[in-house]
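Colleague: Heads up: the sequence shown at position 30 corresponds to 30 in full-length UniProt numbering, and the numbers run straight through without jumps.
Since the hints were derived computationally from the structure, they do not count as laboratory data.
Incorrect hints may have been included.
To be verified - DSS-like mimics (lysine-lysine), calculated; alpha carbons at most 25 Å apart, straight line: (1) Lys101 x Lys114; (2) Lys61 x Lys114; (3) Lys139 x Lys114; (4) Lys101 x Lys123; (5) Lys61 x Lys139.
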Amino acid sequence: MESADDCVHRIQCGDDELCYMHHYVTESGIYGFDFGCASKQVIQRRFNGSVNFYRDWQHYKNGLGQASGEYWIGNDIIHALTADLNHALMVIMTDYNNVTKYAEYSSFRETNDKNGYQLTCGKYSGNAGDSLWQHSGHKFTTYDRDNDIDPGNCAQ
1 MESADDCVHR IQCGDDELCY MHHYVTESGI YGFDFGCASK QVIQRRFNGS VNFYRDWQHY
61 KNGLGQASGE YWIGNDIIHA LTADLNHALM VIMTDYNNVT KYAEYSSFRE TNDKNGYQLT
121 CGKYSGNAGD SLWQHSGHKF TTYDRDNDID PGNCAQ
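Just need the whole structure built from these sequences, with the hints factored in.
Modeller: See the structure below:
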């Protein structure tokens with residue numbers, strides 16, 4: 001697997017990559033995610049609950065877990081990957097019955113820390129339902145930095 005720096009370098013040099021997120025549910029009810037780009041650079045992976053994702057802003061900024069297991073690459077790197085070029089985002093979900101559905105967005109971008117890592121997603125197509133429409137245009141929220149429009153904190 002290439003490093004995040006390699007992926008950022010390739011994207012900055014002009015290669016247009018397809019970013020994706022794969023979400024699945026195991027028979028035992030454990031939810032999982034793989035999130036990355038066509039180069040196989042994983043941005044997020046969740047599959048067995050071994051890493052606590054209820055973390056503060058700094059953890060999500062810098063990343064948490066290990067790339068070989070459950071993992072979040074970090075919002076700074078996601079911003080670097082999506083800042084300069086237009087990328088599509090594909091979300092692939094597989095349930096415990098091995099039924100797979102997808103949602104594709106024509107564009108995907110995350111702003112920097114100063115701007116709250118605001119998410120922007122383009123036009124939806126697919127068969128999984130448009131679950132990101134309500135998040136596009138909104139900032140990232142953690143329990144210690146409430147940037148959402150909910151009267152409470154949606155991260156708590």
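Colleague: For Lys101 and Lys123, compute the direct alpha-carbon distance and say whether it is at most 25 Å.
Modeller: This hinted pair holds, its Cα atoms lying about 17 Å apart.
Colleague: Below or equal to 25 Å on CA atoms is what counts here, so check Lys139 against Lys114.
Modeller: OK: Lys139 and Lys114 at ~11 Å, within 25 Å.
Colleague: Given the hinted pair Lys61 and Lys114, is their alpha-carbon gap at most 25 Å?
Modeller: With a Cα-Cα distance of about 11 Å, the restraint between Lys61 and Lys114 holds, given a limit of 25 Å.
Colleague: Does Lys101 pair with Lys114 here, judged by a C-alpha cut-off of 25 Å?
Modeller: It is violated: about 34 Å lies between the C-alpha atoms, which goes past 25 Å.
Colleague: Does Lys139 lie within 25 Å of Lys61 when you go C-alpha to C-alpha?
Modeller: holds (13 Å)
Checked against the numbered hints above, the structure breaks only hint 1 and satisfies the rest.
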